[in-house]
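Visitor: Chains A and B, in that order, are what the protein sequence lines are. Counting from 1, position 108 in the first sequence corresponds to residue 108 in my numbering; the numbering is continuous, with no gaps. Counting from 1, position 15 in the second sequence corresponds to residue 200 in my numbering; the numbering is continuous, with no gaps.
Do not rely on the hints blindly, as some may be mistaken.
To be verified - Here are a few chain B residues that face chain A, going by a calculated C-beta distance under 8 Å:
1. VAL192
2. ILE205
3. VAL239
Derived by calculation from the structure, the hints in this document are not laboratory data. We put the beta carbon where it would ideally sit given N, CA and C, even for glycine.
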Amino acid sequence: MEQDALERLRAGDPTAFDAIYTHFRPRVYGFLWRLARDPEVARDLVQDTFVALARNARRLEPDTHLAAWLFTVARNAWRSHRRWAMLDAGRLVVLDDDLAIPTQARAPDESVDAARHRERLERAILALPEAAREVLLLVAVEGLSHEEAAKILGVTPEATRQRLRRARGELSHQIERLEKKEKRR
Amino acid sequence: MTERLIVTEVDLDAAATERIRRRAAMVIGTPEPSTATERLVPLGAFLFAVCYLVWAAERAQLFIFMVST
Chain A
1 MEQDALERLR AGDPTAFDAI YTHFRPRVYG FLWRLARDPE VARDLVQDTF
51 VALARNARRL EPDTHLAAWL FTVARNAWRS HRRWAMLDAG RLVVLDDDLA
101 IPTQARAPDE SVDAARHRER LERAILALPE AAREVLLLVA VEGLSHEEAA
151 KILGVTPEAT RQRLRRARGE LSHQIERLEK KEKRR
Chain B
186 MTERLIVTEV DLDAAATERI RRRAAMVIGT PEPSTATERL VPLGAFLFAV
236 CYLVWAAERA QLFIFMVST
């Protein structure tokens with residue numbers, strides 16, 4: 001799908017853009033929500049990302065990896081937004097276990113424990129420092145290779161592997177912390 | 186193989202989805218408009234080059250005059 005849609009997008013085919021938008025939008029939104037920890041900010045950044053794709057449609061190289069391209073632009077959009085947000089303290093997100101987490105209704109075949117674990121995982125991801133969060137999102141959630149993630153993050157593949165190892169360790173620690181907090185209630 | 190994390194699937198609401206789609210459709214293939222800075226920098230560089238050439242020409246004339254006298 002990706003290669004064919006890319007070719008048509010480069011030719012300026014709007015239906016190709018629609019197909020790519022439909023396919024990647026949820027992933028880019030989820031990535032930005034967990035990165036920005038704010039669904040409203042994520043929504044605005046999704047627009048920036050896909051408008052950038054539309055503007056650059058004809059300039060994409062034939063061997064462009066769309067997922068990597070989109071996550072690169074999305075991450076840069078977030079970093080640019082964060083720089084401006086630092087100037088406006090009122091827009092800074094308060095670090096709190098009660099941040100809005102991505103939620104969905106429990107599926108009929110999903111146990112209560114599995115649903116609770118999923119919620120705990122979301123809270124643990126949001127509680128990570130940004131550097132740990134972004135590498136985890138790119139590799140462990142979105143399935144990008146270490147090499148692709150390294151290009152997006154601007155580091156070497158080895159540095160990406162190390163960051164990922166540390167991020168997984170911190171994630172386990174956060175999940176344990178949340179489990180203990182739940183038991184105390 | 187990196188162990189994958191299974192996270193909650195999320196998506197924008199229908200109104201936001203359509204709004205963004207329409208906004209992007211308006212600009213497909215249209216490059217980003219240049220900013221004022223991007224337009225002024227080449228102009229500034231050109232004016233500087235002209236002033237430098239005039240100054241250099243004047244200095245060259247003065248040198249030639251001094252050498253010939």
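Visitor: For a quick check of understanding: which of the numbered hints are violated here, in increasing order?
Guide: Structure breaks hint 3 only.
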